[in-house]
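One letter stands for each residue in the lines below.
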Amino acid sequence: MMPLPLTIALAHLAARKRQTVVSVLGVVLGVGMFISVSGLMAGFQATFRGQLIDSNPHITVTDEIRQPPAQPLAMLHPDAAVHLSRVLPRDPVRGISGAGAIVDALSAMPGVVAAPVLRGQMILRRAGRDFAVSASGIDPAREKQVTTLEKDMVAGTLDALGTRSDGIIIGASLATKMGAVLGDTVAVSTIAGTGVALRIVGLFRTGMEAQDNALAYVSLARQQSLQGRPRVVNEIQVRLADISRSIPVAAMIEGRWGFKAAPWEETFERILEVFVLQNVIIYGSTGSILIVAAFGIFNIISTVVMEKGRDIAIMRAVGIPGHVVVTIFVVEGSVVGVLGLLGGWAAGALIALVLAHIPAPGATDPSQTLKVVQSAFTYGLASGIALLSAVAAAWLPARKAARTDPLAIIRGAA
Amino acid sequence: MTVPSPRAPALCANHVSRVLPATVPVTLIDDVSLEFAPGSFTVITGPSGSGKSSLLYLLGLLDVPTRGEILIDGQSVSGRDSEARAAMRLRTFGFVFQFHFLLPEFSVLDNVMLPMRQLGTLSRAAMLERAHAILASLDMTSSANKRPDALSGGQRQRTAVARALANDPRFVLADEPTGALDTVNAAAVFAILRGLTTAGRTVIAVTHDMGLSATADRRIHIVDGRVVSDGAAA
Ligand SMILES: Nc1ncnc2c1ncn2[C@@H]1O[C@H](COP(=O)(O)OP(=O)(O)OP(=O)(O)O)[C@@H](O)[C@H]1O
Ligand SMILES: [Mg+2]
Numbered sequence: 000m001m002p003l004p005l006t007i008a009l010a011h012l013a014a015r016k017r018q019t020v021v022s023v024l025g026v027v028l029g030v031g032m033f034i035s036v037s038g039l040m041a042g043f044q045a046t047f048r049g050q051l052i053d054s055n056p057h058i059t060v061t062d063e064i065r066q067p068p069a070q071p072l073a074m075l076h077p078d079a080a081v082h083l084s085r086v087l088p089r090d091p092v093r094g095i096s097g098a099g100a101i102v103d104a105l106s107a108m109p110g111v112v113a114a115p116v117l118r119g120q121m122i123l124r125r126a127g128r129d130f131a132v133s134a135s136g137i138d139p140a141r142e143k144q145v146t147t148l149e150k151d152m153v154a155g156t157l158d159a160l161g162t163r164s165d166g167i168i169i170g171a172s173l174a175t176k177m178g179a180v181l182g183d184t185v186a187v188s189t190i191a192g193t194g195v196a197l198r199i200v201g202l203f204r205t206g207m208e209a210q211d212n213a214l215a216y217v218s219l220a221r222q223q224s225l226q227g228r229p230r231v232v233n234e235i236q237v238r239l240a241d242i243s244r245s246i247p248v249a250a251m252i253e254g255r256w257g258f259k260a261a262p263w264e265e266t267f268e269r270i271l272e273v274f275v276l277q278n279v280i281i282y283g284s285t286g287s288i289l290i291v292a293a294f295g296i297f298n299i300i301s302t303v304v305m306e307k308g309r310d311i312a313i314m315r316a317v318g319i320p321g322h323v324v325v326t327i328f329v330v331e332g333s334v335v336g337v338l339g340l341l342g343g344w345a346a347g348a349l350i351a352l353v354l355a356h357i358p359a360p361g362a363t364d365p366s367q368t369l370k371v372v373q374s375a376f377t378y379g380l381a382s383g384i385a386l387l388s389a390v391a392a393a394w395l396p397a398r399k400a401a402r403t404d405p406l407a408i409i410r411g412a413a
Numbered sequence: 000m001t002v003p004s005p006r007a008p009a010l011c012a013n014h015v016s017r018v019l020p021a022t023v024p025v026t027l028i029d030d031v032s033l034e035f036a037p038g039s040f041t042v043i044t045g046p047s048g049s050g051k052s053s054l055l056y057l058l059g060l061l062d063v064p065t066r067g068e069i070l071i072d073g074q075s076v077s078g079r080d081s082e083a084r085a086a087m088r089l090r091t092f093g094f095v096f097q098f099h100f101l102l103p104e105f106s107v108l109d110n111v112m113l114p115m116r117q118l119g120t121l122s123r124a125a126m127l128e129r130a131h132a133i134l135a136s137l138d139m140t141s142s143a144n145k146r147p148d149a150l151s152g153g154q155r156q157r158t159a160v161a162r163a164l165a166n167d168p169r170f171v172l173a174d175e176p177t178g179a180l181d182t183v184n185a186a187a188v189f190a191i192l193r194g195l196t197t198a199g200r201t202v203i204a205v206t207h208d209m210g211l212s213a214t215a216d217r218r219i220h221i222v223d224g225r226v227v228s229d230g231a232a233a
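Quick mapping for you: the protein sequence lines, in order, are chains D and R.
According to numbering that gives the first Met the number 0, the residues represented by the first sequence are 0 to 413, in order.
According to numbering that gives the first Met the number 0, the residues represented by the second sequence are 0 to 233, in order.
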């Protein structure tokens, strides 16, 4: 047999179907909105983060030195209490010394690939107009493994940089601005004072206009000679098979070679902070719909408690304990909460399905639709908030019901 | 003053007073001492406002005396907290009020089973059997599945009596159970109450009706919260 409080709770709700349905719909709306909107946000963040992580190195080693390298004396006696005071990081050297060896050592580790880069500014001149770009001297074979540059190529090849020492790869939109096409030559100069004519051997398009307008790639040797810094590398880009290892691997690199190694979490710290703020705003606003739904539950339970004064009085008089009376009304609220929750799951999944068919803003081809990430976490969080607020909303009037003095009502009714 | 009873008192009020705290305190019951023997049928009479209901609430542990105590089998129960008194009411007392207080969403059968389900000592089958038996004894079998709003006044009151009997209580307290009924139905309900004592139950009923009070073993007359006469019904 159904427990007594559940029997009575269901009887009360069944007797006021319209009010119950309205309260349930409030919860359905709240849970549905919470699930779909936070799913949309998570989808956006995942896409953004994926692009960011995918097109950028997972760890960037630069020629800054943040900590002094391990000292020979301490290395000699690893277990002894060796303390060396006044050990300072070396004077900043321009460039990563021994970069070749570091790249080789890193690439030898499982799940790690590394590529050397020399960054430096360049001026591209064409038809009397100057275009400043941030140029990277790269090793095309290694670059392929570390960044998505090869994937982003829309004309020419990345390998051409290896075969043609006078090759340059620029963004497709920059080429359009310059009025240049694949195979054209551009005059290139640097602050080191060197100037040379390079041939466009490739065009890339990342989809991010700022990059497509301002980045250029040449071979590492060409960049070194243009910048007047032979054999110098000022950045090592590292890609990991498992991005979750970025922080320990970065710490290992920095500990072993002393150069600053920034994991992607550090490089994109500001963006990740914006995500956190975004989460707070979205969860806060959709969560508040759930709280408003709780007022609906409070409303129906309060009404029932008020109307059911006589029933509560006789139950108390007959000897039904106060906690059972509380349970009746809390169960009533919970039933509304649970029904709303289940409906909300369905509504959320449905809205997410519809959203996933809407073309993404700024998408070039119609197959690019809004991405909605449905996670057990958001379903769980929505359910938790909905249930908790339903119980709280029912508990307040329920407690009042259990405290009513049955005699006051029995006297009055006689 | 009290009728010498052949058996030991099952329910007893010992110098019980009930005063409502207020700027001018209202005395509902003033130093009442009474004993009720098992198997007795007592009626309480008195003018309106004399304190009949108040006395019944005190005897039924629905209210607590401000002075004196209520004893069951010689044990004082007045010091118990409200949940402990609720538990005692559930198993030991059955109440019938002037208003039926049936749960409107529940059938007659479910209303009768309400106290049984809370007590939880019987299986579902045993509860159903018992509820049907009680309803049959009150000639309510044909209405077992009706809602209270589909019943006549007399049927509602008989359902309330059935609910009072659900947990086989030792004491049945009825406060003007026939107040809303016509003479025929009133006499029927009183006959039922009278019949309950054969199983050894102690029945106490408040009534205005002098004719009905004549059917009782004992009549207690109350005025202004005090017992003014107590004896075998005239
Ligand atoms: N909550 C209260 N506040 C003030 N006075 C009260 C309260 N409850 C009862 N009284 C008073 O206490 C007295 C006894 O009331 P009680 O209901 O016991 O009388 P009664 O004999 O049952 O009357 P009736 O025959 O009309 O039912 C009455 O005078 C009533 O007005
Ligand atoms: Mg009264």
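Quick caveat, the hints were computed from the structure, so don't treat them as lab data.
Where hints are given, some of them may not hold.
[Claimed, not checked] Cross-link-like lysine to any residue pairs, in silico, SDA-like; alpha carbons within 20 Å at most:
hint, chain 1, residue 1, chain 2, residue 2
1, D, K16, R, S106
2, D, K16, R, R146
3, R, K145, D, L9
4, D, K143, D, A171
5, D, K399, R, E82
6, D, K16, R, E104
[What the hints assert, rightly or not] Derived CB-CB ranges, DEER-like:
hint, chain 1, residue 1, chain 2, residue 2, range
7, R, V227, D, R15, 46 to 56 Å
8, R, R90, D, F376, 48 to 58 Å
9, D, R15, R, R90, 27 to 37 Å
10, R, T120, D, L352, 45 to 55 Å
Keep in mind that this is a model prediction, so the values were computed, not measured.
Don't be surprised by glycine CBs; every beta carbon is placed ideally from N, CA and C.
Checked hints:
1. D:K16 <-> R:S106: The hint holds at about 19 Å.
2. D:K16 <-> R:R146: This hinted pair holds, its Cα atoms lying about 18 Å apart.
3. R:K145 <-> D:L9: Roughly 18 Å separates the two Cα atoms, so the pair holds.
4. D:K143 <-> D:A171: Roughly 19 Å separates the two Cα atoms, so the pair holds.
5. D:K399 <-> R:E82: Holds, because 16 Å separates the two Cα atoms, which is no more than 20 Å.
6. D:K16 <-> R:E104: Holds, at about 13 Å.
7. R:V227 <-> D:R15: 46 to 56 Å: At 49 Å between Cβs, range holds.
8. R:R90 <-> D:F376: 48 to 58 Å: Given range 48 to 58 Å: holds, Cβ gap about 49 Å.
9. D:R15 <-> R:R90: 27 to 37 Å: 33 Å Cβ-Cβ, so the 27 to 37 Å window holds.
10. R:T120 <-> D:L352: 45 to 55 Å: holds (52 Å)
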